[in-house]
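Enquirer: Respectively, the protein sequence lines represent chains C and Z.
If you're matching positions, the first sequence starts at 3 in the numbering used here and goes up one per residue.
If you're matching positions, the second sequence starts at 95 in the numbering used here and goes up one per residue.
Under the rule of at most 30 Å between Cα atoms (straight-line distance), these lysine-lysine pairs were calculated in the DSBU-like manner: (1) C/Lys171 - C/Lys266; (2) C/Lys68 - C/Lys204; (3) C/Lys275 - Z/Lys188; (4) C/Lys238 - C/Lys275; (5) C/Lys201 - Z/Lys158; (6) Z/Lys158 - C/Lys204; (7) Z/Lys158 - C/Lys44; (8) C/Lys72 - Z/Lys118; (9) Z/Lys187 - C/Lys275; (10) C/Lys97 - C/Lys72; (11) C/Lys281 - Z/Lys188; (12) Z/Lys158 - C/Lys68; (13) Z/Lys118 - C/Lys48; (14) C/Lys97 - C/Lys44; (15) C/Lys68 - Z/Lys126; (16) Z/Lys158 - C/Lys238; (17) C/Lys204 - C/Lys44; (18) C/Lys72 - Z/Lys126; (19) C/Lys266 - C/Lys251; (20) C/Lys44 - Z/Lys126; (21) C/Lys44 - C/Lys201.
Quick partial rundown of chain Z residues pointing at chain C, CB under 7 Å, derived from the structure: (22) Pro111; (23) Ile174; (24) Glu178.
Some chain C residues judged to face chain Z by a derived CB distance under 7 Å, without partners named: (25) Pro14; (26) Glu19; (27) Glu21; (28) Leu23; (29) Pro25; (30) Gly26; (31) Ser36; (32) Leu37; (33) His67; (34) Thr69; (35) Lys72; (36) Pro193; (37) Asp227; (38) Ser229; (39) Ile230.
These aren't lab readings, by the way, just hints derived from the structure by calculation.
Note that the Cβ used here is the ideal one computed from N, Cα and C, for glycine as well.
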Amino acid sequence: MMDMIETKRLRPDDLPEQEFLLPGNRSCAGCSMSLYYRMALKALGKKTIITVPASCLTVLHGLYHKTSVKMNVVHTTFETTAASASGIVAALEAKGLGDEITVCGFAGDGGTSDIGIQGLSGAAERNTNFIYACYDNEMYSNTGTQRSGQTPYMAYTTTTPHGKLEHKKNMPMIMHAHGIPYIATSCSSYPQDVYAKFKKAKLFTGTRYIHTLIPCPPGWGFPTDQSIEMGRLAVKSGIFPLFEIIDGKMFLSPESERCLDPSKRLKVEEYLKLQGRFKHIQPEHIEYYQEYVDNHWNFINQFL
Amino acid sequence: MVDYKDPKSTIAAVQVPSEGEAGKTGSWRSFKPVFNPEKCILIKSEKARCHICWMFCPEVAITKSRPPTINLDYCKGCGICSTECPHGAITMKKE
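Sequences and hints are given; from them, build the entire structure.
Expert: Structure below.
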């Protein structure tokens, strides 16, 4: 499988010009989700059916009878992304179109790790042929920033006013335990990487899972023009490692390779101090957070 | 035969793709991007490859052309293009 996959680094103008996302949509200024969604749609291409639960992405799709996306999209309820994708796959297979049309479910971090996890786990167990893309803005941004299972330690949300006491749920590794053929993590700050990973996911059959970090300017509390930089800092500090798991083997992405060496990792403080949601954080919390990130890399090292 | 392009003739609720679904950006935008052609590498050199502003624009308001053009009707003024341009060819100006 590996030799089928092109590993060449893409340049910005290598990306196709065709757009499936139209300007004038309802996303916030500086929203990384619309950047990520735009890149994902470029990679998935025209022959795709997308299923979307209640999330920021539903807002981006707009109100009846207009939409800002040139794609076949099914809007579904919060917990049924993977279930509805399984239904679409079953219908396509019955019609003999299973290999021709890609099915992709896009859900937020709450819709994946809290509310939709049973549907996703069931679909992954059956190894249903679809791509599940989770965009992770680390809170329920659409409803006004409540705590989710993906919210990091000590982050302010409206339901954790003094900071969350638990760590982020490790969703890619939960999916790894299901033994599915392709798992990847990406970040919207590296659009070529997002594009390449979706292209690669299309080559596999079975359930494929892509987890993407999406910095959210109003939710995280930083200026809108820093959206890209914030994602880069998350990757460079090792808080969000970028990797792929292909048939059970883990490969680190080039952006994260330098993080293997603890001395080359940025201090987590560099990332935390720029965000309004970590304003109240104390030095002992930062120390604990740093320790957690270092331990997390020891954990990742076991799989390499 | 159901015409899926006409929302009135369909049985299910089908949405039609349209540019500017949420309307044009209103007066709430506080900064607008100003393109400085003399600094853009795509104009300076015929062979140059860049289009970083086009790639990073979340709003699809920048075209992949030489030189890139900015659609101010839909630009929300986030400033990502100005921050990411390695040549400083886009500056943000107060409205």
